[in-house]
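Asker: So the chains spell out like this:
Protein chains: 2
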Amino acid sequence: MTKHEASTSRTPVIGSHKAYLPGPTGSRADLRVPVRRVHLSDGKDVTLYDTSGPYTDPEVETDVRRGLPPLRREWIAERAADGTPAVTQLAYARRGLITPEMEFVAVRENRAPEFVREEIAAGRAVLPVNVNHPESEPMIIGKNFLVKVNANIGNSAVSSSIDEEVEKMTWATRWGADTVMDLSTGRDIHATREWVLRNSPVPVGTVPLYEALEKAGGKAEELSWELYRDTVVAQAEQGVDYMTVHAGVLLRYVPLTARRKTGIVSRGGSIMAAWCLAHHEENFLYTHFAELCEILRAYDITFSLGDGLRPGCIADANDEAQFAELRTLGELSRIARAHEVQTMIEGPGHVPMHKIKENVDLQQELCDEAPFYTLGPLTTDIAPAYDHITSGIGAAMIAWWGTAMLCYVTPKEHLGLPDRDDVKAGVITYKIAAHAADLAKGHPGAQQWDDALSDARFEFRWEDQFNLALDPDTARSYHDETLPAAPAKTAHFCSMCGPKFCSMKISRTVMETYGSPSPEGLTQEEIQAGMLAKSREFARAGNRVYLPLTD
Amino acid sequence: MTKHEASTSRTPVIGSHKAYLPGPTGSRADLRVPVRRVHLSDGKDVTLYDTSGPYTDPEVETDVRRGLPPLRREWIAERAADGTPAVTQLAYARRGLITPEMEFVAVRENRAPEFVREEIAAGRAVLPVNVNHPESEPMIIGKNFLVKVNANIGNSAVSSSIDEEVEKMTWATRWGADTVMDLSTGRDIHATREWVLRNSPVPVGTVPLYEALEKAGGKAEELSWELYRDTVVAQAEQGVDYMTVHAGVLLRYVPLTARRKTGIVSRGGSIMAAWCLAHHEENFLYTHFAELCEILRAYDITFSLGDGLRPGCIADANDEAQFAELRTLGELSRIARAHEVQTMIEGPGHVPMHKIKENVDLQQELCDEAPFYTLGPLTTDIAPAYDHITSGIGAAMIAWWGTAMLCYVTPKEHLGLPDRDDVKAGVITYKIAAHAADLAKGHPGAQQWDDALSDARFEFRWEDQFNLALDPDTARSYHDETLPAAPAKTAHFCSMCGPKFCSMKISRTVMETYGSPSPEGLTQEEIQAGMLAKSREFARAGNRVYLPLTD
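Chains A and B, in that order, are what the protein sequence lines are.
Residues in the first sequence are numbered consecutively from 1, following UniProt numbering.
Residues in the second sequence are numbered consecutively from 1, following UniProt numbering.
If we strip away everything but chain A, and leave its shape as in the complex, we get (with noise of 0.2 Å):
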């Protein structure tokens, strides 16, 4: 950890400042979008995405035993007054009303709100709100809309505390976290999330089975649909935005995993085949489902249809028990959305590259376009401690393919907890992998980003590179390592290759020679006769392709 990283995570990013847009013409004033601004030595301004909260501004003083504003209480209560029955985004959306959380995130994502709308009432995105969790920036997920990321936290039974947690999900909103899921399985699960809730700008998911497990007191065969729908509504109540559901798990596909590898590698899969296995009945939250729906619509807590039965390695990548699950997944996606509930589907796992683009080409079609969500996935299995790696370049490919979410892994996967440091390194691989994937896409606006900094990089504007980059403070303190001095951050050369080699430097003179923008519509005679002229321009200047030092 750098001496930057170790500051607390409730700061302003060191080089932008928090601004905050107007909603669209018309819309309500309460509505104010919060960006981070990048403010350039050459007077231009850089606008980003943000998701860090409230925490970044200085202006508000955030307290994590009060939590955070709750800035849609006012459009939540109005709702409720105006009597219209609709309570999800996707039936507000179908019946062609406009939220001001649709509002919201088209400022965010620079669209129009009636794209926003259309594109939520087609199913084909998702914007998870439960009007218990009025702290939450809204923010959408699909994939014609920036591809976002989701950071895992949540103790376990062999360690971590509630403030390790909740510190988590501030430090991993900080770096750009879309949403955090909170998956605790230890002592303590409903306080930590309530703690989590209370103070999360994002949209918090939950694997309910988890705490259902834990008050059947560890044991599969224990879980009972009963126990399970009243922790889903005790976490409904708390504000829980969407929620990981195991339904496809259905008994006829549990033997199906018996010739793998590495069998189920889900929790929730396995929990629930436990379940299957030793009542030999279906899987509960599949004969239930239509219930689930109602309860879930109540509150608008969108549907993350779970892969239970996702490859937990390269060789069991695209098997029939995982696609035979996918199929079911479909089905119950368009159940789902029967009743108004929005719902996302969650994917794999371990996939060779080869393999990858089956997976959402498929996903797409059996699920209706419904928003893909997916875990990496890990393009090989030889790397433990560095399968943020492996995963984070099958999530790049997955999401320019059209994931919509990618969920991080951390250095720590298979190994531990991630701390402090394998969050933000999970978390930094994965706004990488959604941006290139942003790119690849062609996502208007997205290469902006890009320019900026090559602009700043090619103009030796170090200290406006910095404050560009994903992760500036580790940036300035890797620069700082080989040139520590201040003259340094202004100086007309890189430190790779020191002040004769700089091919920037070189290239600059270059443009300089023949002009920018170049000698565009001149015929090669031309361009040859403007190249002696200005050959002999630069002899009689000296031949001088290194700018001096001072300069």
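Honestly, the hints are just simulated from the structure, not real lab data.
Do not rely on the hints blindly, as some may be mistaken.
It does not matter which identical chain is used: a pair holds within one copy or between any two.
[To be verified] Dumping the calculated BS3-like pairs for lysine-lysine here, alpha-carbon to alpha-carbon at most 27 Å:
id	residue 1	residue 2
1	Lys-18	Lys-357
2	Lys-261	Lys-355
3	Lys-44	Lys-261
4	Lys-355	Lys-441
5	Lys-18	Lys-215
6	Lys-441	Lys-215
7	Lys-261	Lys-357
8	Lys-441	Lys-261
9	Lys-357	Lys-441
10	Lys-355	Lys-219
11	Lys-44	Lys-18
12	Lys-18	Lys-355
13	Lys-219	Lys-44
14	Lys-215	Lys-357
15	Lys-261	Lys-219
Bear in mind that the values here come from a model prediction, so they are computed numbers and not experimental data.
Position chain B against the provided structure of chain A, taking the given hints into account.
Answerer: Then chain B, alone, in the frame of chain A:
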């Protein structure tokens, strides 16, 4: 750096031991191919490709001042004595001769020697072995072999020492670098290279232009063919195995870069552009290319035709300057091959994902399938300090599509000179990319490594999992952080989930219940009947899904 990483780079990798395979039947007795062998707790052995040289063999005493044993000296001497005019591996291959070097790589790659010879003869693969670098262990670069990784080392005017560079080389090869490039540009450039060469078990590449520029006092316009030629000869005598030559930066291409966002970012490219600009003459590397071929031929040095006009940012990817140069590289590769000089082609750079495939497809077409050797490419510009990851994504993809060798990028790219930790991070990231590509290409045997590790993971053989990891030290240390006690290394649960929630444990129960191999060939009715019986048996046994910790 963990305590394991801090240990010397000249000890065996923990959990592995060095072994040697004999050559093919009828081969020389002095042909011994080193491998890294992991002995598993279930009695099996896994044999892995090994680039670490004698440093990881406790039987060999190494001494930096003496250099490594010259394992190929006899082979070279015997060839020189037999009067055959051929010197390059390409020349031998074309004449139908299988050299000991080809036999060596055949064993390493688990391929037939004749297949190796054919690939080299066709120019689809290169085997870089300067006759004056007898210390190197032969390796092959071609799309039909394992994807290779190069690590750049080298001091600059700003920092670092000879000892540091030799240590970086040893460290890089320990973690899997297949070649190293010495890109030194500062003082002691000749001496640094000598030490690196005498101690390197892998081929060493250079960019002779850097040393030539030093001799020209850092003034590009004072470079000349004669000065360059003498530099190449001196480096050839030392034993450099492959040389990057920026002969494709033609006078008429230079203006094409003036309209770019970041101009020319290759050091070699910018130096040659400056020379062309100063003299208004064609690039002397291009006009003297045939002479250069004759020199490289005499030592069996492999060309790495440099992409001096590669894009330096997302905005400049796949532009006319880049592809104009690539066409010239195609022309030059044909000239080189006509001189029986082995040749590979360098590639970008910074390229968004959707433009990567065009690069390799075009290169393969224009250069008659000569091996492609790419830097990254970086798939976004927004993450300085994480460019090993932004580029690892692009590297995995371009390798899947046909790149033969990947030049690593470290976390310090654009910011500073890589230290020991950065070198390791770069190498490990690129080994992941290379292996992910081997899997995606269906390279024979590649998946065995993943399968062995996944088996160990599923069977809770933690020590085997660590020992099989690409980086056993870090995998082990991460696990230690959460569960440091020795018994935890044999515990039947993962530290992420704790004992009750371990999906692998539940899954093993499923597997034991249904038996493995699975009920393949049974009808649905038979499976259902079997499941019911098993379910009852399971209930009778107490519905135990969690194995006791002591078993």
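Asker: Run every hint past the structure and note whether it holds.
Answerer: Quick rundown of the hints versus the structure:
1. Lys-18 - Lys-357: neither (38 Å within a copy, 39 Å between copies)
2. Lys-261 - Lys-355: Close inside one copy (17 Å), not across copies (36 Å); limit 27 Å.
3. Lys-44 - Lys-261: Between copies only: 17 Å across chains, 55 Å inside a chain, cut-off 27 Å.
4. Lys-355 - Lys-441: both (20 Å within a copy, 11 Å between copies)
5. Lys-18 - Lys-215: neither (43 Å within a copy, 52 Å between copies)
6. Lys-441 - Lys-215: The answer is neither: 45 Å in one copy and 47 Å across copies each exceed 27 Å.
7. Lys-261 - Lys-357: Cα proximity of Lys-261 and Lys-357: one copy only (22 Å, versus 33 Å across).
8. Lys-441 - Lys-261: between (35 Å within a copy, 21 Å between copies)
9. Lys-357 - Lys-441: Answer is both; intra-copy 14 Å and inter-copy 15 Å each pass.
10. Lys-355 - Lys-219: Neither: 36 Å inside a chain and 51 Å across chains, both beyond 27 Å.
11. Lys-44 - Lys-18: Close inside one copy (16 Å), not across copies (58 Å); limit 27 Å.
12. Lys-18 - Lys-355: neither (42 Å within a copy, 34 Å between copies)
13. Lys-219 - Lys-44: neither (60 Å within a copy, 36 Å between copies)
14. Lys-215 - Lys-357: Classified as neither: same-chain Cα gap 39 Å, cross-chain 52 Å, threshold 27 Å.
15. Lys-261 - Lys-219: Only inside one copy: Lys-261 and Lys-219 sit 25 Å apart there, 61 Å across copies, limit 27 Å.
Hints 1, 5, 6, 10, 12, 13 and 14, counting from the list given before, are not met by this structure.
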